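A.B. asks: Now for the letters of each chain:
Protein chains: 2
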Amino acid sequence: MGYELSTMHYELDVVGIGNAIVDVLAQADDAFLAAHRLEKGAMTLVDAARADALYAAMPPGVEASGGSAANTMTGIASLGGRAAYIGKVRDDQLGGVFRHDIRAAGVRFDTPPAADGPATARCLIVVTPDAQRTMQTYLGASVELTADDVPAALIASAQVTYLEGYLWDRPTAMAAFLRASALAHASGRKVALTLSDPFCVERHRASFLDLVAEHIDVLFANEREIVALYEADGFDAALQRVRGHCEVVALTRSEKGSVVASDGEVHVIDAAPVAEVVDTTGAGDLYAAGFLYGLTHGRGLAACGRIASVCAAEVIGHVGARPRVRLAELVGELPAG
Amino acid sequence: MGYELSTMHYELDVVGIGNAIVDVLAQADDAFLAAHRLEKGAMTLVDAARADALYAAMPPGVEASGGSAANTMTGIASLGGRAAYIGKVRDDQLGGVFRHDIRAAGVRFDTPPAADGPATARCLIVVTPDAQRTMQTYLGASVELTADDVPAALIASAQVTYLEGYLWDRPTAMAAFLRASALAHASGRKVALTLSDPFCVERHRASFLDLVAEHIDVLFANEREIVALYEADGFDAALQRVRGHCEVVALTRSEKGSVVASDGEVHVIDAAPVAEVVDTTGAGDLYAAGFLYGLTHGRGLAACGRIASVCAAEVIGHVGARPRVRLAELVGELPAG
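Sequences listed follow chains A and B, in order. At position 17 of the first sequence the residue is numbered 17 (my numbering), and the sequence of numbers has no breaks. In my numbering, each residue's number is its place in the second sequence (first place is 1) plus 1000.
The hints are simulated quantities; they were obtained by calculation from the structure and are not laboratory data. Quantities reported herein were computed from a predicted structural model and do not represent experimental measurements. The beta carbon of each residue, even a glycine, is placed where N, CA and C say it ideally should be. You may find that some hints are simply not true.
[Unchecked claim] Partial pick of chain A residues on the chain B-facing surface, computed with a CB cut under 10 Å:
(1) Ile102
(2) Ala104
(3) His204
(4) Arg224
Input sequences plus hints: build the corresponding full structure.
C.D. replies: So this is what it looks like as structure tokens:
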């Protein structure tokens, strides 16, 4: 075990900060993506007019609470961990749905909703027959999150503060992000980041490089994201670069599994088996949930990676980005370590 | 073939009228039903305060458009039929979801949303591990439907006008119901009714008995509903009573299949096979879809029952009350007749 968090008592394991979003999931074929010029597998930001036009063209859908860091926090709660979430909705119907679902999942969520301004954020997710998800996000009220929404006591009470790269897309959310990071470190806590999306990395490469080197203790990224961050010549080249940059990294590679590393250790973790990959939405989010749960419960890096893989496998076996079963039961069967 | 609709050209096969509702589906165990005194398998009407309290207690859910007759119309469209829907939402987020989903399913829907008053109706559906659904409905804007929302030309253009028994719970919706029925008959069209729910039948037995005898050409009911209607001593006794009361009846009996009958015919139809019964929400709605599709496409009563069974089997194989696949493809494999 090369990396351990302090063993002092904390009120919370992890507090996540992110864009509070309700997902609209619909199944369509590749021709639909082509007809609407959607970038397969990516998350694209859209304005209200484009969101309305796309929604009108989409097949019937189902609505379910989402948001990357919010999904991760529900995963930690499902594992039996103590999680809180900070994110902004409006006081509208979908905002009520978001609040209900995350609280019902056992996550503490007290960010006050916006009383006016744009509606609660929606992410239009098209799931193709190959289980890939393509996301068009209207950020709406979620970007009204400000540094004032980050309670110092809440950050100080958590072992880890977990941040979405997506927050970096708007200046006020970026300020919330930086305040949370500074508060966490001032209290001797750790800060974790997910790079979120390769296009998000392209948009913010310079500041992400600086962040990772200066402010982030635990980094999550998938292969495309980490390669994009370092403009590296392939996965291994990116791995060599990132190892010197933050204490712990967890790099996911879809069916190829993941690589978790610290200065002293590198573990190559197999993907957990899945009967049928139905919808990859939430795979990275639930991987992060498993990993952070392990890390905040004294597990070694390899065990963290194995827990993470099991959580990711559960969520890609069905439509939707949050777990359908008690993850604690799935993970209880893993060997300790 | 004992029963045939006219073969003249119609613009529409079926127009459905019902409570326009968005479902909130969550999975919970029987202890949850007991703790909240929910009547298993039934639909109970609740006010806004009770709906809010129940929602706060419910596990995380998914939202999907529902409403009994609306589900049926989407089934007809999925079979390749021409369907329209009349029902009332508000101009809020869930109203927008309802409108999007039914139109995206290929159903004509032009009822203007209410600009004020109660929110779009919600049905809180608890699905227990035995796949039974227990429904608590807050009718909200749906009961703002009035006779003015029933366009005479639309009713006249459809071979069959299909009505929900649920409409009978509110006087203005009842007026819409009666206007639609009178318009349909004045144009030489047929009127179909589903009894909807045994408690709905208990609430309105006297007027339902009168309706069935005087105004309904095609009646749908499940075993509990038809027994409740006639206060009969079992299924067969109810069957004997109803045969004299309307031209065509289709009585569903869950895994025991269904019985379809006219004055001259009685057919006993097996349930179609289902790999795993996941959620029975929408079973009756989709049975009606298949039956009405057959009836409006010149099929005999037995064939109508077989199509209906296939449609019901599809919808109980997954969570949610609307079909996930093109029903036309499933039904295309059935023998003609």
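A.B. asks: Next step is simple, just say for each hint if it's right about the structure.
C.D. replies: Now for the hints, and whether the structure bears them out:
{"no.": "1", "hint": "Ile102", "result": "holds (8 Å)"}
{"no.": "2", "hint": "Ala104", "result": "holds (5 Å)"}
{"no.": "3", "hint": "His204", "result": "violated (31 Å)"}
{"no.": "4", "hint": "Arg224", "result": "violated (29 Å)"}
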